[in-house]
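> Chain residues, written in single-letter form:
Protein chains: 2
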Amino acid sequence: MKRVSFFVALLVSFVTAVCAQQNIGGVDVATISPHVVDNDVEFLLDAPHAESVLLRADWMPAPVPMSRRQSDNKWYYKCEDMHPGLYTYTYNVDGTTIIDPSSIYSMRDVGQLFTYFIVAGDYADNYMIQDVPHGTVSTQWYDSSAMGYARRFTIYTPAGYEAGNRSYPVLYLLHGMGGDETAWNELGRASVILDNLIAAGKVEPMIVVMPNGNVAQKAAPGASSRGLVAVNFNEPRTCNGEYESAFGEIVDFVDTHYRTYRDASHRAIAGLSMGGYHSYYISANMPSMFGYVGLFSPAINARGNHSFYNDMDSKLLALSESGLSLYWIAIGRDDFLYNEVKELRNRLDKSGFPYVYRESTLGHQWCNWRLYLTEFLPLLFK
Amino acid sequence: MKRVSFFVALLVSFVTAVCAQQNIGGVDVATISPHVVDNDVEFLLDAPHAESVLLRADWMPAPVPMSRRQSDNKWYYKCEDMHPGLYTYTYNVDGTTIIDPSSIYSMRDVGQLFTYFIVAGDYADNYMIQDVPHGTVSTQWYDSSAMGYARRFTIYTPAGYEAGNRSYPVLYLLHGMGGDETAWNELGRASVILDNLIAAGKVEPMIVVMPNGNVAQKAAPGASSRGLVAVNFNEPRTCNGEYESAFGEIVDFVDTHYRTYRDASHRAIAGLSMGGYHSYYISANMPSMFGYVGLFSPAINARGNHSFYNDMDSKLLALSESGLSLYWIAIGRDDFLYNEVKELRNRLDKSGFPYVYRESTLGHQWCNWRLYLTEFLPLLFK
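From first to last, the protein sequence lines are chains F and S. To get my numbering, take the position in the first sequence, counting from 1, and add 929. To get my numbering, take the position in the second sequence, counting from 1, and add 929.
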């Protein structure tokens, strides 16, 4: 009884005393939007004075107008029979873009926040946190002697890493333009996918390193001494060879500070878009470093002026003769980089370079990159 | 030239092809609001059709109306001569509460998101990421035999931990009601404060463990198999002795998996509000475990029905005779728990229990808890 009355007093105090001076969410149990029931998803927005509301979503080609629901005057939209997947959206309320005020689940993609939700089923179950052993996700700083300052990467160590003393293979997983060391784990759900696939016995337990490919950044926006800056989609020095040619120092740091196997048969590198470009040149220039290479929607032609980008025919030949186990290329049919990748395949075909090609639906977007990761991981270190 | 034209093509492609099917922020460099210039802060919201906009902020007692600026028709408010600090706010646009659409920097407090910014200077410089060596922040799961499932904590290891082989003292830092294992590092800026104070030589390098005090949760909302649920401010089983009496298994896990000193002179426990309550009872029931105790705005009277909460006079006596180095109590003058803490001090005074008391301005809010942490850390392990 005493405990109950204390809590009542505490709650009342929060309403009357705390909320009067502090903006915490307090007593309110946040309602959650959207409502996901099986494959039907309802969006509800309480904006009584708005004149028009649009739903802008990554599964629809264009924003759709929401309508007022008579029963409660809320803005309403329903999507039926959605495919399984992780989806993101925003609202546009009379011209102002906002995330859903009824959800706390947002992700940043480049310079904008989005609300996200998951429709369960099929491969999307890999994106949901299941009751399986969970690995550890850490933000790790290393001193970059090439850049002259400390930089940050994200690192996943599989469940059991801390308790044991065995060594692990390592995947280096690279983000795209406008991304950073947070992208693969947040937007890409990398640690969730790894936990689930490792627990299912489909993927070898491995360490996954997610570096920051913008050498002008020490870390993601808000995570370095730059402060709370605006996001620059096109950071300088991302495709000029600086990052790629200094990549060995990241591998050295990981090999020195984590329990890794230190040969090509236990190292993979993969990346999306600009990260595919980075993976393409890094793997070709370090033929004995990586036995597994993944190019996800790679922006192959973004080449700058650096020796790292020259003599690719002979470098790829050396790579193919170095004991390469897997060269995996994936792209969506609607991707604006489709023809670039087609040219790359033609070049590889001409020289007899061995690779696996995966063509998916849709385009240059995270739903494909999560899917590619899910398909690529089981092929590694086998 | 080739590179420039590629980027132009890439950017144009994003606008025309990608953004047509995908909702990424893309080319736009997000403008940042608010504009912080020294101690003056300008808030700007582009909501051309709104009829009224309020700014609700944690440094003002009540929401204030914003006004339309003639030059660009944006909603505008200016705060001048703000004290240094980290601040949070939301807008209310015609009745709908939103975070600032012109900032990507948000924090979740219980069940709501807030935009945050920092006014530099004085102690607030400790909340800003400086060019100092950075520790590692990890999400670590452990098997709770008491609860029968794996649970998550956040752990900070100081810069140099991975490279060396020395042992470190450990601070256990506990959140309040409605919080979880993410609260101290996100809202509390714990790792930033630690990095800065350790680099300045004011604080001993230490490990900081931030557990989840809601035993009904495996991890924070969105980080467990519960899925993307609404936040429950008053989680069950938070003050019934289950968490407190099983706290030793967290200490055991940390001592087994991290390089720690394993005696009371190298262990501290501190918490805010409900976490102060937890720290009060845990330290008293384990008198040889923690040599340093911090109660920040503690909710001492939230006691449930468990033997852990009984015989506190004799337990506190045992604690004071166990070689306790510091017992630190802090509260703000406007805190609704002020009188509870006054009662506690009276009880401690009567029995001659040694403690240090810190009374601050303001109330039950994060600006005080960040400040208390900043003041408490330098007193530890000396």
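If you're looking for bench data, these hints aren't it; they were derived computationally from the structure. A quick note: this is a predicted structure, and the numbers were derived from the prediction, not measured. Among the clues, some could well be false.
Residues of chain F clear of chain S, computed beta-carbon distances all greater than 12 Å [to be verified]:
| # | residue |
| --- | --- |
| 1 | Glu971 |
| 2 | Glu1133 |
| 3 | Lys1311 |
Which stretches of chain S does chain F cover? Using the computed rule of at least three CB atoms under 8 Å from a CB of chain F, they are [said to hold, decoys possible]:
| # | segment |
| --- | --- |
| 4 | 974–981 |
| 5 | 1048–1060 |
| 6 | 1088–1097 |
| 7 | 1154–1164 |
| 8 | 1205–1217 |
| 9 | 1236–1245 |
We treat Cβ as the ideally placed atom computed from N, Cα and C, and that holds for glycine.
> All hints are to be evaluated individually against the structure, with a verdict given for each.
Now for the hints, and whether the structure bears them out:
The claim that F:Glu971 is not at the interface with chain S holds, since no C-beta of that chain comes within 12 Å of its own (minimum 14 Å). Distance check for F:Glu1133 against chain S: the nearest CB is about 20 Å away, which clears 12 Å, and the non-interface claim stands. For F:Lys1311, the non-interface assignment is confirmed: its Cβ lies about 26 Å from the closest Cβ of chain S, beyond the 12 Å cut-off. With 7 residues having a Cβ less than 8 Å from any Cβ of chain F, the segment 974–981 of chain S passes the three-residue criterion, so the hint holds.
Only when three residues or more bring their CB closer than 8 Å to a CB of chain F does the claim for the segment 1048–1060 of chain S stand; here the count is 4, and the claim holds. A count of 3 residues in the segment 1088–1097 of chain S with a Cβ less than 8 Å from any Cβ of chain F is obtained; the coverage claim is therefore met, three being the minimum. Chain F is given as covering the segment 1154–1164 of chain S, and this holds because 9 residues of the stretch bring a CB closer than 8 Å to a CB of that chain, at least three being needed. Coverage of the segment 1205–1217 of chain S by chain F is violated [criterion: at least 3 residues with CB-CB distance below 8 Å; count 0].
Taking a C-beta to C-beta cut-off of 8 Å, the segment 1236–1245 of chain S contributes 0 residues in contact with chain F, too few for the three needed, and the coverage statement is violated.
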